[in-house]
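K.L.:
Now for the letters of each chain:
Number of protein chains: 2
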Amino acid sequence: MASIIDLIPQEAKLTPDALNMLKAQIQIQQYPKGTLLHQSGYMPTKSYFVKQGLLRSFVLDAKGKEQTFMFAPEGWIISDLGALTFQQSSQLSIEVLEDATVEVLTNDFFEISEGLLSKLGINISRLLIKRNMVLQKRIIMLMSATATELYQDFVTTYPDIMQRVPLKMIATYLGITPEALSKIRGEIAKNNT
Amino acid sequence: MASIIDLIPQEAKLTPDALNMLKAQIQIQQYPKGTLLHQSGYMPTKSYFVKQGLLRSFVLDAKGKEQTFMFAPEGWIISDLGALTFQQSSQLSIEVLEDATVEVLTNDFFEISEGLLSKLGINISRLLIKRNMVLQKRIIMLMSATATELYQDFVTTYPDIMQRVPLKMIATYLGITPEALSKIRGEIAKNNT
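Taken in order, these protein sequences are the chains called L and D.
Numbering of the first sequence is given in the working numbering, commencing with residue -18 and proceeding in unit increments.
Numbering of the second sequence is given in the working numbering, commencing with residue -18 and proceeding in unit increments.
Just to be clear, a hint being listed does not mean it is correct.
Stated by the list, open to error - For lysine-lysine, the following DSSO-like pairs were computed, each having C-alpha atoms within a straight-line distance of at most 30 Å:
hint, chain 1, residue 1, chain 2, residue 2
1, D, 118, L, 149
2, D, -6, L, 100
3, L, 32, D, 118
4, L, 164, D, -6
5, D, 14, L, 118
6, L, 111, D, 32
7, D, 46, L, 149
8, D, 171, L, 111
9, L, 118, D, 44
10, L, 46, D, 118
11, D, 164, L, 44
12, D, 164, L, 111
13, L, 44, D, 171
14, L, 32, D, 111
15, D, 171, L, -6
16, L, 100, D, 164
17, L, 118, D, 171
18, D, 171, L, 164
19, D, 44, D, 118
20, L, 44, D, 32
21, D, 149, L, 4
22, L, -6, D, 100
23, L, 14, D, 118
24, D, 46, L, 164
25, L, 118, D, 46
26, L, 100, D, 171
27, D, 118, L, 118
28, D, -6, L, 118
29, L, 46, D, 44
30, L, 44, D, 46
31, D, 44, L, 111
32, D, 27, L, 27
These are calculated hints, taken from the structure and not from any lab test.
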C-alpha cells in the first residue's frame, strides 16, 4: 500500500504546494509486533495509516479482558478521530499485531486535508457520514445479529485477516466465545464441502 | 421545545431568506402513540425533531424481537442520516412511544443547513465527529461495560425518560435482561438510602 496521499481523490488535483504541506504531516515508521502505539486513558496525538502489517485497537472490559474494537490491515487508517479533534483522552489502545510499516499522521493532517478538499468543493461530510454508518451498523449487529451473521460480516469486512489473527481475538471483536466461533467456522466449512 | 431552527448557533446570523429556505423544509405534525413513522427495509425520506412526546428507533433481532437503538425525547432529532444521505434502505424502524408533536424535516434540510453554515465558516464536520464519538462510545459500552455501567450511562444520557418507557424496552437498549435491570435499579436505590 503506497501512501494515505493516494486515498485523496484524483479530482482534487492537489498543487505541489498543497501536496508538500500534507506530506510534512506524515512520517514513515516501522514498529515490531507487540508495540503499543497508544494507551487508553491518554489523549491521542497521532493517527496511523497501515502500509504493511496489521494493527488493532482495543478496550479493556470490566474484567480487565481485552476486547477488540477494530483491526487495521494494509490500507486502513486507525485512529480515534473524536478524541483527536476534541483533545480528549481515548478509550482505545492501539497495538501492532504484525511487524508494521505505517505512516504516522499528525493531528493537523485531517484538518489540512479537509481545508484543501472543501476549497475544491469536495465534501468531507460524506466521508464522516459513511464512518457513521459503519459504526451504526456495528451497534445494530452487536444488538441483533446471530453469531453466524456476525462472523459473515467479519469475513466480508476483513477478507484477508482470518489466518493472521488469533481466533480468541476475533471472538472478542464479535462479542462471542472462541468456542462459538470455532463451531460456526466448522459448520460453514461443512456446508461448503 | 421550540424548533430545530433554535439549534442553529446564534453566530450563524441567518438572513431572513436563509431562514425561510430552511423553514420550507419543516412541517409540524402530530402523531398518536403507536404510529410507525418509518419501517426498516425502506429508504427513509424524513427526519424528525421532537417538540413534545417521545419517539424511538429499533431493529428486529434474529429472533424477531425488537431491540431499541435509541430514544428521542424532547429536543432530540431521530433519523438515519447515512441511509438518507446515500439513499439506502434503513435497518431502523421509527415509532412514536408517547403522543408526539414533531417537526418533520425533508431530505434537503441538512444539506441546506450545511451549505448555509459552511458559507459562514461554521464547521459541520465537528458535529458529525461528535455523533461519531457517541456511536463509538456505545459500541465500547456494549463490548466492555458492566450492566451497572450501562445503566448509569443510560440515566446520564436520558435523565428524564426512565418513568416514561417500559422497563423491558430499556433492557433491550442496554442489551441486558429486564430481570438484570430490575436488580441493578434495586441495588442503586438501596445504596442511595
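K.L.:
Now tell me if each hint is right for this structure.
P.N.:
Outcome of the hint check:
1. With a C-alpha separation of about 23 Å, the suggested pairing of residue 118 of chain D with residue 149 of chain L holds against the 30 Å cut-off.
2. Distance hint between residue -6 of chain D and residue 100 of chain L is fulfilled; the C-alpha atoms sit about 23 Å from each other, no more than 30 Å.
3. The straight-line distance between the Cα atoms of residue 32 of chain L and residue 118 of chain D is roughly 28 Å, inside the 30 Å bound, and the hint therefore holds.
4. The hinted pair formed by residue 164 of chain L and residue -6 of chain D fails the criterion: a straight-line CA distance of about 60 Å is larger than 30 Å.
5. For the proposed pair residue 14 of chain D and residue 118 of chain L, the alpha carbon gap of about 27 Å is at most 30 Å, so the pair holds.
6. Restraint check for residue 111 of chain L and residue 32 of chain D: satisfied, since their Cα atoms lie roughly 28 Å apart, inside the 30 Å limit.
7. With a CA separation close to 29 Å, the supplied pair residue 46 of chain D and residue 149 of chain L stays within the 30 Å bound.
8. Proposed proximity of residue 171 of chain D and residue 111 of chain L is contradicted: the alpha carbons are some 44 Å apart, above 30 Å.
9. Restraint check: the Cα-Cα separation between residue 118 of chain L and residue 44 of chain D comes to about 18 Å, which is no more than 30 Å; the hinted pair holds.
10. Between the alpha carbons of residue 46 of chain L and residue 118 of chain D the distance comes to roughly 17 Å, so the proposed pair stays at or under 30 Å and holds.
11. Simply put, residue 164 of chain D and residue 44 of chain L have alpha-carbon atoms about 20 Å apart, close enough for the 30 Å limit, and the pair holds.
12. Between the alpha carbons of residue 164 of chain D and residue 111 of chain L the distance comes to roughly 38 Å, so the proposed pair goes past 30 Å and is violated.
13. Taking the CA atoms of residue 44 of chain L and residue 171 of chain D, the gap is near 24 Å; set against the 30 Å cutoff, the hint holds.
14. With a C-alpha separation of about 28 Å, the suggested pairing of residue 32 of chain L with residue 111 of chain D holds against the 30 Å cut-off.
15. A C-alpha spacing of about 64 Å is found between residue 171 of chain D and residue -6 of chain L, which places the hinted pair above 30 Å, so the restraint is violated.
16. Of the supplied pair hints, the one linking residue 100 of chain L and residue 164 of chain D is violated, its CA atoms being roughly 55 Å apart against a limit of 30 Å.
17. This hinted pair does not check out: residue 118 of chain L and residue 171 of chain D have alpha carbons roughly 37 Å apart, beyond 30 Å.
18. Distance check on the hinted pair: residue 171 of chain D and residue 164 of chain L sit about 43 Å apart at the alpha-carbon level, beyond 30 Å; violated.
19. A distance of roughly 26 Å separates the Cα atoms of residue 44 of chain D and residue 118 of chain D; the hinted pair therefore holds under the 30 Å criterion.
20. With a CA separation close to 41 Å, the supplied pair residue 44 of chain L and residue 32 of chain D exceeds the 30 Å bound.
21. Simply put, residue 149 of chain D and residue 4 of chain L have alpha-carbon atoms about 53 Å apart, too far for the 30 Å limit, and the pair is violated.
22. Pair hint residue -6 of chain L plus residue 100 of chain D holds up; C-alpha atoms about 23 Å apart against a cutoff of 30 Å.
23. A distance of roughly 27 Å separates the Cα atoms of residue 14 of chain L and residue 118 of chain D; the hinted pair therefore holds under the 30 Å criterion.
24. With a C-alpha separation of about 24 Å, the suggested pairing of residue 46 of chain D with residue 164 of chain L holds against the 30 Å cut-off.
25. Using a Cα cut-off of 30 Å, the hinted pair residue 118 of chain L and residue 46 of chain D holds, with the two alpha carbons roughly 17 Å apart.
26. A C-alpha spacing of about 58 Å is found between residue 100 of chain L and residue 171 of chain D, which places the hinted pair above 30 Å, so the restraint is violated.
27. Annotation: proposed proximity of residue 118 of chain D to residue 118 of chain L holds, straight-line Cα distance about 14 Å (limit 30 Å).
28. A distance of roughly 36 Å separates the Cα atoms of residue -6 of chain D and residue 118 of chain L; the hinted pair therefore is violated under the 30 Å criterion.
29. The hinted pair formed by residue 46 of chain L and residue 44 of chain D meets the criterion: a straight-line CA distance of about 29 Å does not exceed 30 Å.
30. For the hint pairing residue 44 of chain L with residue 46 of chain D, the CA-to-CA distance comes to about 29 Å; that is within 30 Å, so the pair holds.
31. About 28 Å separates the Cα atoms of residue 44 of chain D and residue 111 of chain L, which keeps this hinted pair within 30 Å; it holds.
32. Restraint check for residue 27 of chain D and residue 27 of chain L: the C-alpha separation of about 37 Å exceeds 30 Å, so the hint is violated.
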